[in-house]
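Chemist: Here are the chains, one letter per residue:
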Amino acid sequence: MTAKIRRAVQVLFLLLFIGLFIAARYPYTSGFPADVLLRMSPLIPLFELLSDHRLSLIFLPALIILALTPFLGRFFCGWLCPLGTSIDVASKVVRSPSNRVGGKWEKLRFLKFALLLGCVILALVDIHVWGYLDPLSIFNRAMTVVLYPFGTLLVDGALQGVARIPGMEGAAYALLDPFKTYIMPEPQAHHQELFWILLLILGIFGAEKLSRRFWCRNICPAGAWLGFLGQFRMFERIVGEACPVCNKCQVECKMNAIPGGNVHQTSKVECIDCFNCGAVCPPKIKAITYRWRWKPYHTPVDISRRQVVRTSLASVAAIGLLNIGFPGRESRNRQVRPPGALPEAAFADKCIRCLECVRICRSNGGCLQPDAIHSSLEELWLPVAVMREGYCEYNCNLCGQVCPTDAIMPLSLEEKQHTPIGLAHFDKNLCIPFARNSDCIVCEEHCPTPDKAIKFDVKEVVTRGGEKKMVQYPYVIKELCIGCGICETRCPLPGAAGIYVTTANEHRYGTPVAAPGPAPNPYG
Amino acid sequence: MHRRQFLARTGAGLVGATLTSTAFDSLFAASAVPQVVWVENGEPAALLTAALKEFGGMRHFISRGDVVVVKPNMGWDRAPQYAANTNPDLVAAIVSECFAAGAKTVKVFDRTCNNPLRCYTSSGIEASATGAGADVSQIRDSRFVKKGINGDVVKEWEIYRDYLEADKVINVPIAKHHSLSRITLGLKNLMGVMGGNRGDLHNDFARKLVDIDRTILPTLTIIDAYRILTANGPVGGNLAHVKQPRTLIMSPCTVSADRTAIELFGLKLDDVPLVAHAVKSGVAKFDTNALQLKKVRLA
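Protein sequences, first through last, are from chains R and B.
Just remember that our numbering sits 13 ahead of the position in the first sequence, which is counted from 1.
Just remember that our numbering sits 158 ahead of the position in the second sequence, which is counted from 1.
Hints may be right or wrong, so weigh each one.
Below 25 Å or equal to it, Euclidean Cα-Cα: the simulated DMTMM-like pairs (lysine to aspartate or glutamate) are [said to hold, decoys possible]:
{"hint": "1", "chain 1": "B", "residue 1": "304", "chain 2": "R", "residue 2": "470"}
{"hint": "2", "chain 1": "B", "residue 1": "426", "chain 2": "R", "residue 2": "470"}
{"hint": "3", "chain 1": "R", "residue 1": "472", "chain 2": "B", "residue 2": "358"}
{"hint": "4", "chain 1": "R", "residue 1": "472", "chain 2": "B", "residue 2": "362"}
{"hint": "5", "chain 1": "R", "residue 1": "482", "chain 2": "B", "residue 2": "429"}
{"hint": "6", "chain 1": "B", "residue 1": "366", "chain 2": "R", "residue 2": "473"}
{"hint": "7", "chain 1": "R", "residue 1": "481", "chain 2": "B", "residue 2": "362"}
{"hint": "8", "chain 1": "R", "residue 1": "468", "chain 2": "B", "residue 2": "428"}
{"hint": "9", "chain 1": "R", "residue 1": "468", "chain 2": "B", "residue 2": "362"}
{"hint": "10", "chain 1": "B", "residue 1": "366", "chain 2": "R", "residue 2": "470"}
{"hint": "11", "chain 1": "R", "residue 1": "481", "chain 2": "B", "residue 2": "428"}
{"hint": "12", "chain 1": "B", "residue 1": "426", "chain 2": "R", "residue 2": "473"}
{"hint": "13", "chain 1": "B", "residue 1": "426", "chain 2": "R", "residue 2": "169"}
{"hint": "14", "chain 1": "R", "residue 1": "441", "chain 2": "B", "residue 2": "358"}
{"hint": "15", "chain 1": "R", "residue 1": "441", "chain 2": "B", "residue 2": "362"}
{"hint": "16", "chain 1": "R", "residue 1": "193", "chain 2": "B", "residue 2": "320"}
{"hint": "17", "chain 1": "B", "residue 1": "304", "chain 2": "R", "residue 2": "182"}
{"hint": "18", "chain 1": "B", "residue 1": "401", "chain 2": "R", "residue 2": "464"}
{"hint": "19", "chain 1": "B", "residue 1": "326", "chain 2": "R", "residue 2": "480"}
{"hint": "20", "chain 1": "R", "residue 1": "481", "chain 2": "B", "residue 2": "316"}
{"hint": "21", "chain 1": "R", "residue 1": "482", "chain 2": "B", "residue 2": "310"}
{"hint": "22", "chain 1": "R", "residue 1": "193", "chain 2": "B", "residue 2": "310"}
{"hint": "23", "chain 1": "B", "residue 1": "262", "chain 2": "R", "residue 2": "190"}
{"hint": "24", "chain 1": "B", "residue 1": "305", "chain 2": "R", "residue 2": "182"}
{"hint": "25", "chain 1": "R", "residue 1": "482", "chain 2": "B", "residue 2": "428"}
Don't read these hints as lab results, they were simulated from the structure.
Just chain R, same shape as in the assembly (with noise of 0.2 Å):
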């Protein structure tokens, strides 16, 4: 019974999780906040104590979940996850071994307590890298990168081949347009880095060939983090007189939390609520009952004294190699982050590169994408502008709105269009005017400042023929441009544009800036 409640309760989170990230789209007028569940992490609060020793109360969903924990342990993992939910869904699909063949990968269980522990050293010194595991991160970077282009991609590509067949035009279409409308307005999305993190979940939907959870029994640190805190948890497995220790419980167990010699016990670090023993407990002997106890028993964190040695030394290694990187001048320059962003160091330490910013920008200009590596690892998945792919809508500022942690500060659409982000730069070697002394000027038309920020010279040139022409030769004003990039978009030449947008002249946010004139709306 329990157990079926479970159940429902996990599919609920999932859909929940599934509605609000496409409720991160354009319009987002409804005012219901889409990254509420990606601030349910119980990862951000430790690493906020950590980093900037307080507790905010915009993370208030975590906090319930770490104030229960200690309680009711790893329940979050259990009923909440969206990546436990659909981990279980893969173990279905492959068809995960039992802990009779799985249990023997128990020696891992080490590894998330280690990474876990990594992840805090490495914090201690302002160095974040714990988010490229936050389970919530990776389901909501699967589901941007990987999941929900891959669906337009089936639904639309179906309808479409359908529509295509004579007669059945209009049937399709009676399909797509709904869909269209209500379900997945964007087109079809394309986002660098889909090789990696399609790698990542694959990676870890494919583990559970191993064994069931594997990702978390082993790896994630966010249910380390939570067995840790739940080690003597008050709400117990208790294993009454009739168990014949027929083992079922133990074999089936989804964390192997049952010692394999003790069907009694249960480790409260590895267990996850999820109520299977008491479900497979054969029906005529039903032995297994849950209750409170103000006196918990205690199971240890399964770490040994030489493995935090170990990583704490890996650790400070890892800090080390990560200070003797390349400082990358060259790459840094076409990094253009979103209008809101932290200064670069604290965006890339509060960033968890779940991608809710490079979803919603897709709803509208569609110029972020995930980051790759360049010169340091962490730059990996940070929201860039890549602009000869989208541009910034200048009426937009809705990444901003959907980071859930922040890195990416909400700005009024006024502070938005008054915040650079970057500046343009002509490469006349390409530029179709000054390359070919030919007529374009498609960036001046698209440039969407009040006044523009590309203005042009007209020049008269002779042609081939003789004759004389007039061409006009275009020219950016900085202090009018905001970077927005649309003219690299809009650029007519095939592969590299003539014009190019660089984080020059870039405004981060709470830096410094001269005040802004007076902003006309041109949104209403």
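Starting from the known structure of chain R, arrange chain B on it as the hints suggest.
Modeler: Then chain B, alone, in the frame of chain R:
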């Protein structure tokens, strides 16, 4: 068919067509129908009604059962008062007139420059045209078809299928400033039904655009000059650049309408190379040097 025979038949056909159309016109209109109508000093819907009256109503252009495409400019994520997009009230009024004239369906779409969902919403046209009963839909990439152009420079281009398949097309640009073509009017507005990399059209702009335009000319062109954008176009964004001539220009010939609208900006034909080239290339249905222009000023 022999050349001589062909010439003779074409000639006969032309004479016949001219005679019939003249006869037809004189049957229905007491006085001669103007080639271009200029109406000023009114709200968008009133301007439209007055202009249509000069042609004998929308029935002069739309027949019962027609599938009509109304092509406004809604290319930019801007509210109507910024004069970057066609007036939404005018579009709604045109849609209503089409239905009143017996149109079966009226489709409204535009290939936008900013995010299409935003443009459809911010321009106010999606709401107003839907309210008038039009079928307002987003552009689908799969619905562009290659069309033979065989022009001077352009040999082939992608055009939106719904546009090509429509029985009648009403082109509704807004008159505004544009750096490349100086001002943008009816000929330029037709870019909104063109696929492919439209940026490629921007060098040798006039020749390329006229090449394509002459193969897809609309039934009727209605230039919205209720508000016009005089600088920083075609996006605008500064209300100081918006003027309100409260005018509408209507013609069954896009070039004649554009030629007439140039006056709004105090420019001459040679200032607007696109229109000048269209005139020179013989795209106009009428003699643009001696247009029968009817000006109406509403009280």
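Chemist: Now look at each hint and say whether the structure bears it out.
Modeler: Checked hints:
no., hint, verdict
1, 304(B) / 470(R), "violated, 36 Å"
2, 426(B) / 470(R), "holds, 22 Å"
3, 472(R) / 358(B), "holds, 21 Å"
4, 472(R) / 362(B), "holds, 16 Å"
5, 482(R) / 429(B), "holds, 14 Å"
6, 366(B) / 473(R), "holds, 22 Å"
7, 481(R) / 362(B), "holds, 14 Å"
8, 468(R) / 428(B), "holds, 22 Å"
9, 468(R) / 362(B), "holds, 20 Å"
10, 366(B) / 470(R), "holds, 23 Å"
11, 481(R) / 428(B), "holds, 16 Å"
12, 426(B) / 473(R), "holds, 21 Å"
13, 426(B) / 169(R), "violated, 49 Å"
14, 441(R) / 358(B), "holds, 18 Å"
15, 441(R) / 362(B), "holds, 19 Å"
16, 193(R) / 320(B), "holds, 18 Å"
17, 304(B) / 182(R), "holds, 19 Å"
18, 401(B) / 464(R), "holds, 17 Å"
19, 326(B) / 480(R), "violated, 41 Å"
20, 481(R) / 316(B), "violated, 33 Å"
21, 482(R) / 310(B), "holds, 19 Å"
22, 193(R) / 310(B), "violated, 39 Å"
23, 262(B) / 190(R), "holds, 20 Å"
24, 305(B) / 182(R), "holds, 21 Å"
25, 482(R) / 428(B), "holds, 14 Å"
This entry does not satisfy hints 1, 13, 19, 20 and 22, going by the numbered hints stated previously.
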